[in-house]
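Q: Each chain is listed here by its residues.
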Amino acid sequence: MSGKRTLEFELATTGVDTRGRPVRVPLGVAGAATAEDDEVDVSGHHMLLNLGPQHPATHGVLRLVVELDGEVVVRAIPHVGYLHSGFEKLGEYRHYNQIIPLTDRTDYLSPMSNNVGLALAVEKLMGIEITDRCRVLRVIACEMSRIISHLVWMGTMAIDIGAFTPFLWTFYERERIYNFQEAWTGARLTTSLTRVGGMMADVPDGFVEGLREWCRNFPKTLDEVDRVLSRNGIWCARTQGVGALTAEEAVNYSLSGPMLRASGVPYDVRKDRPYLGYETYDFDVPVGEHGDVYDRYLVRFEELRQSTRILEHALGRLPDGPINVDDPRVILPPKSAAMSDMEAMIFHFKQVMEGVKAPVGEAYFPIENGKGELGYYLVSDGTAKPVRWRIRPPSFINLAALPKMAEGNLLSDLIAINASVDIVMGEVDR
Amino acid sequence: MNPSVGALRERFGRRIGRAVVSCGDSVVYVDPAAIREVLRWLKETAGQQYNYLVDVTAVEYRDPERPLEVVYELFSLERRVPLRVKVELPKDGALELDSVVPVWRGADWLEREVYDMFGVTFRGHPDLRRILMWETYAEGYPLRKDFPLRGRFSRSEQVRQALNIHPEAHYSMEELSIADAYQDLPADVRERLSRGERGEVPEQPPESR
Numbered sequence: 002m003s004g005k006r007t008l009e010f011e012l013a014t015t016g017v018d019t020r021g022r023p024v025r026v027p028l029g030v031a032g033a034a035t036a037e038d039d040e041v042d043v044s045g046h047h048m049l050l051n052l053g054p055q056h057p058a059t060h061g062v063l064r065l066v067v068e069l070d071g072e073v074v075v076r077a078i079p080h081v082g083y084l085h086s087g088f089e090k091l092g093e094y095r096h097y098n099q100i101i102p103l104t105d106r107t108d109y110l111s112p113m114s115n116n117v118g119l120a121l122a123v124e125k126l127m128g129i130e131i132t133d134r135c136r137v138l139r140v141i142a143c144e145m146s147r148i149i150s151h152l153v154w155m156g157t158m159a160i161d162i163g164a165f166t167p168f169l170w171t172f173y174e175r176e177r178i179y180n181f182q183e184a185w186t187g188a189r190l191t192t193s194l195t196r197v198g199g200m201m202a203d204v205p206d207g208f209v210e211g212l213r214e215w216c217r218n219f220p221k222t223l224d225e226v227d228r229v230l231s232r233n234g235i236w237c238a239r240t241q242g243v244g245a246l247t248a249e250e251a252v253n254y255s256l257s258g259p260m261l262r263a264s265g266v267p268y269d270v271r272k273d274r275p276y277l278g279y280e281t282y283d284f285d286v287p288v289g290e291h292g293d294v295y296d297r298y299l300v301r302f303e304e305l306r307q308s309t310r311i312l313e314h315a316l317g318r319l320p321d322g323p324i325n326v327d328d329p330r331v332i333l334p335p336k337s338a339a340m341s342d343m344e345a346m347i348f349h350f351k352q353v354m355e356g357v358k359a360p361v362g363e364a365y366f367p368i369e370n371g372k373g374e375l376g377y378y379l380v381s382d383g384t385a386k387p388v389r390w391r392i393r394p395p396s397f398i399n400l401a402a403l404p405k406m407a408e409g410n411l412l413s414d415l416i417a418i419n420a421s422v423d424i425v426m427g428e429v430d431r
Numbered sequence: 167m168n169p170s171v172g173a174l175r176e177r178f179g180r181r182i183g184r185a186v187v188s189c190g191d192s193v194v195y196v197d198p199a200a201i202r203e204v205l206r207w208l209k210e211t212a213g214q215q216y217n218y219l220v221d222v223t224a225v226e227y228r229d230p231e232r233p234l235e236v237v238y239e240l241f242s243l244e245r246r247v248p249l250r251v252k253v254e255l256p257k258d259g260a261l262e263l264d265s266v267v268p269v270w271r272g273a274d275w276l277e278r279e280v281y282d283m284f285g286v287t288f289r290g291h292p293d294l295r296r297i298l299m300w301e302t303y304a305e306g307y308p309l310r311k312d313f314p315l316r317g318r319f320s321r322s323e324q325v326r327q328a329l330n331i332h333p334e335a336h337y338s339m340e341e342l343s344i345a346d347a348y349q350d351l352p353a354d355v356r357e358r359l360s361r362g363e364r365g366e367v368p369e370q371p372p373e374s375r
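In order, the protein sequence lines correspond to chains A and B. Counting from 2, one number per residue, gives the positions in the first sequence under the working numbering. Counting from 167, one number per residue, gives the positions in the second sequence under the working numbering.
If you are wondering where the hints come from, they were derived from the structure by calculation, not from laboratory data. Be aware that one or more of the hints could be misleading.
Claimed, not checked - Straight-line Cα separation of at most 20 angstroms, SDA-like style, residue types lysine to any residue; simulated pairs: (1) A/K405 / A/E280; (2) B/K209 / B/R271; (3) A/K358 / B/S188; (4) A/K386 / B/K311; (5) A/K90 / B/F178; (6) A/K386 / A/M354; (7) A/K386 / B/P230; (8) A/K125 / A/E280; (9) A/K386 / B/R228; (10) A/K90 / B/V225; (11) A/K358 / A/A345; (12) B/K209 / A/W215; (13) B/K209 / B/F178.
Here chain B stands alone, though its shape is the one from the complex (with noise of 0.2 angstroms):
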């Protein structure tokens, strides 16, 4: 077992949650509410410096009952010692997270891909929308488990909606408001804006299959 775990009960107590040694990797749980603060001390705190946030991704298991998992897999590069942080998150409640993009820069791209592909969300993420799909997307989160295989929606309805597609709609809103374009955007677009919304995933619509 990683000592950092040890260091971890010491400073955050309770929020702490279980630790495992799985083929030899230290995984520790730690309290969704606390992650931010938790991730900050372990990069930041002498002893610790876990500086490299090699990756972020999220697990869902088979079995419904489990709580989906935010997996951060961290590496010290002075000390060249690895830890794996989770989080778990109930499926029956909001999957929200606080971002730690304002402690790792290159956190952006890899939280982005997992609101993409399981739809947890990243409070105070600057820039959270999908990555992989497209920004109108409507099938849902394709990497949860109740995601069929070849998608959610009839081939003959992708079809119809790759073609309908407005072309516009492959540039995101931010984009769309540097191009002065806003004069000449649909309605809805343009309301969109005026909120100050941009990379909302629309409603499903109505089953059309």
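So that you can see chain A by itself, here it is in the shape it has in the complex (with noise of 0.2 angstroms):
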């Protein structure tokens, strides 16, 4: 082989004068001369970007296409579908308690009360009145719920706009209620927690006292992002009058929750449409004035203090009692009786083999979650398996209004909107 290769090559300038100085050459000289002809005149000619669907402030696999002129956005597309599951279609296959698990996975920042309200839909669609101390037991499941997907949105949308201590701080809270829920469930996301007139587990010891005790340190959190947040400079100057909607528009594009409660409409379905007797627990519902995300992060704010609040009222009145209504045709034997008992055993295979049978009818249950206003509609046609197994996705329906509220906003401003929001993508897509 050949030894040592050496390439020569000449400098357009050695980078030394004869007498070993650095030579410089003057700024903007090299470049001039063919700067004009490059130039391009931009104005009024409009960029697409795109955003997503793998994009950390999109919250999930959204996609948008962005129209700009400049920084400021002329239109907004929203693509929606890539984690689209065909929970709906899956649930006519199975039956209602195998759904459960279903919801779980929709709405996946908040299960609980997701199964909370299928269990509640089903139970109107088969007229079956559930125990007390089950009605008290899904309130404080709704309320966790509710309370866990705050914080998430609490802590994404700072992080969102540039501040991430409160993202630690809600994270942290978050954290202590999933122990709570794993204890009472035994899994942190995929709860199950309830059952067709029941209940899949009652709550164990120590649980009452640890979420008394949680209910009263949890206020100084929120006391610490509210001296964080609520009067910051940065804060107020990215969320005041930035995606605001008005009262009208706000019941034009069907918005729900904190979203239509931020531009001035009180509508609450625990209040409006009571159900777990919500209308015998004390509490306000926060509602906006302006619709716009500070209003918005204004009302979730507001409302983790009040489901605090329904959180101590209904831990103070759990009533003892069973969990489960009492019929065998809904409710499993327990494992022992189905073990030694004829009767118990035949109606344990009747309900895993045949399913439980609703009557042919349909039933819409709406529930307030997190998010807005979930509902399930369920149509039977007297078999154990429904004919259609509907969601309304409350973020899905919020997410419409984002290119309404987007345009003629600056691109960043379209971040704090998206992020207002508070989407879910395994609702949104289902």
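Mind docking these for me? Both chains are given alone in their own frames, and the hints should help you get the complex.
A: Following this line, the structure appears as structure tokens:
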């Protein structure tokens, strides 16, 4: 092999002059000759920007195609469906109790309230009256879900706008709720908490005391977040007056939940179409005034306090008694009975093999989820599987107003507006 | 029974069909040709004020004889009363209906979803294209009862189509026209654009399993 190879070439300037001092090239001279030819008049030229589906600020696999005039959004076209799982189709092939695990996976940031919503819809369809203890436990589950859903929203929204610390605080509290959730259901995410006519399990020992103590401490974290964000100059500048919707527009777009209430419409399913005895709980519904991102923040913030209030109230009034209805047609007999008693075994067999049959009919049952009005619409033809299982997805419907809110705003405001909608793609795409 | 049903009968006469109560919910059937007029009347008439469109969806029954139903779930925010309005579309006829987007903007994505999942065309919808499935999805309408749970194409055919997909097909016709990409488009797409068409589901390819 040949030895060392050298490459010889000539530099345009040697970099030093004859006296060994560095040569200075005057700035701008080299490019000046061609700059005029290359310059393009870009005024009136719109740019197409693709945001997502893999983008941290789109909260999942949302894809936005944005038409930009400079930095101003002319049009935003959302594309959804990247997480489409066909849950509604799948539900038509499942017994009613087998649909409950599917609801965990739609809005996976508040799985327990989805479970409750489905159980309530099926119970409405079948005409089942649940027990008092079950009713209060479900309220606790719903409010825990609302809190973790809002905490995720608050943390990620703050990150989108550039504040990192509140994210750590809110996720710390969310972890603690997750611990309660795990103790209760055995799972942190896929809880499958309810059954038609009752619950999968009663709360474990120490749960009530632990949650009560959490309720005492949680407002301190809220106060800290409040101190950092609510009167923060950057936060206010980024959120106030951004993405505002009037009350008429919000109703016209069928928005629900905090999105609707921030625009000044006091519609809360818990108050207007009460379920689970919510009319007997003492809580207020915060309503915004301007309908902008800041008001959505304030509404959700106050809802966290109100949910804590409901939790304390519910924990205080939790009655003793059974969690399941006394009806062997819908509730599985205890394992010991199924193994020893003939009749219980038959009921067990029939429920597992045939499922619980619902009478012919249809029912729509809405609940107030963290994201908005979550409704389940079930149509039965008398068999154990629904003809149609429809999820009324709050974040899908709220997201549809995004183009309206984003148009005319800056691209960076689009991120804030998108964060304020509080979407979860598992539910948008289902 | 919700008293609005009687008021509807008085106002629209024979165009209001049967009304039933199921699990405490009032359901009223309406002539498909009159749906937009009826819903607008329900929304705007004093004493009715069903100003909140909760949901638009469709139901197909397992009994193939039964018509497909499009369901409008309404709620009055002032009076706190729900009402469900249904339209029956016979399956041997054209699955076509007037869009209610002129009445509620919120119906936009909901109708697109019904179109995507059931193949119901909404006349007068400003942007009727698939929403959860992609625009060139050729297997049909997933929530129809004749659609198999695992899809119409075999797994290998689905993979083949996914791998052969044109990257620009992820943009809708409308977006491509913004991008000034017209000259770079394939000839067939340009032809579709020039016809003013967009979001059309292509013909089903020949059986290819």
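Q: A separate judgement is required for each hint: does it hold in the structure or not?
A: Consistency of the hints with the structure:
{"no.": "1", "hint": "A/K405 / A/E280", "in the structure": "35 angstroms, violated"}
{"no.": "2", "hint": "B/K209 / B/R271", "in the structure": "13 angstroms, holds"}
{"no.": "3", "hint": "A/K358 / B/S188", "in the structure": "16 angstroms, holds"}
{"no.": "4", "hint": "A/K386 / B/K311", "in the structure": "14 angstroms, holds"}
{"no.": "5", "hint": "A/K90 / B/F178", "in the structure": "36 angstroms, violated"}
{"no.": "6", "hint": "A/K386 / A/M354", "in the structure": "12 angstroms, holds"}
{"no.": "7", "hint": "A/K386 / B/P230", "in the structure": "17 angstroms, holds"}
{"no.": "8", "hint": "A/K125 / A/E280", "in the structure": "18 angstroms, holds"}
{"no.": "9", "hint": "A/K386 / B/R228", "in the structure": "11 angstroms, holds"}
{"no.": "10", "hint": "A/K90 / B/V225", "in the structure": "12 angstroms, holds"}
{"no.": "11", "hint": "A/K358 / A/A345", "in the structure": "18 angstroms, holds"}
{"no.": "12", "hint": "B/K209 / A/W215", "in the structure": "45 angstroms, violated"}
{"no.": "13", "hint": "B/K209 / B/F178", "in the structure": "15 angstroms, holds"}
Checked against the numbered hints above, the structure violates hints 1, 5 and 12; every other hint is satisfied.
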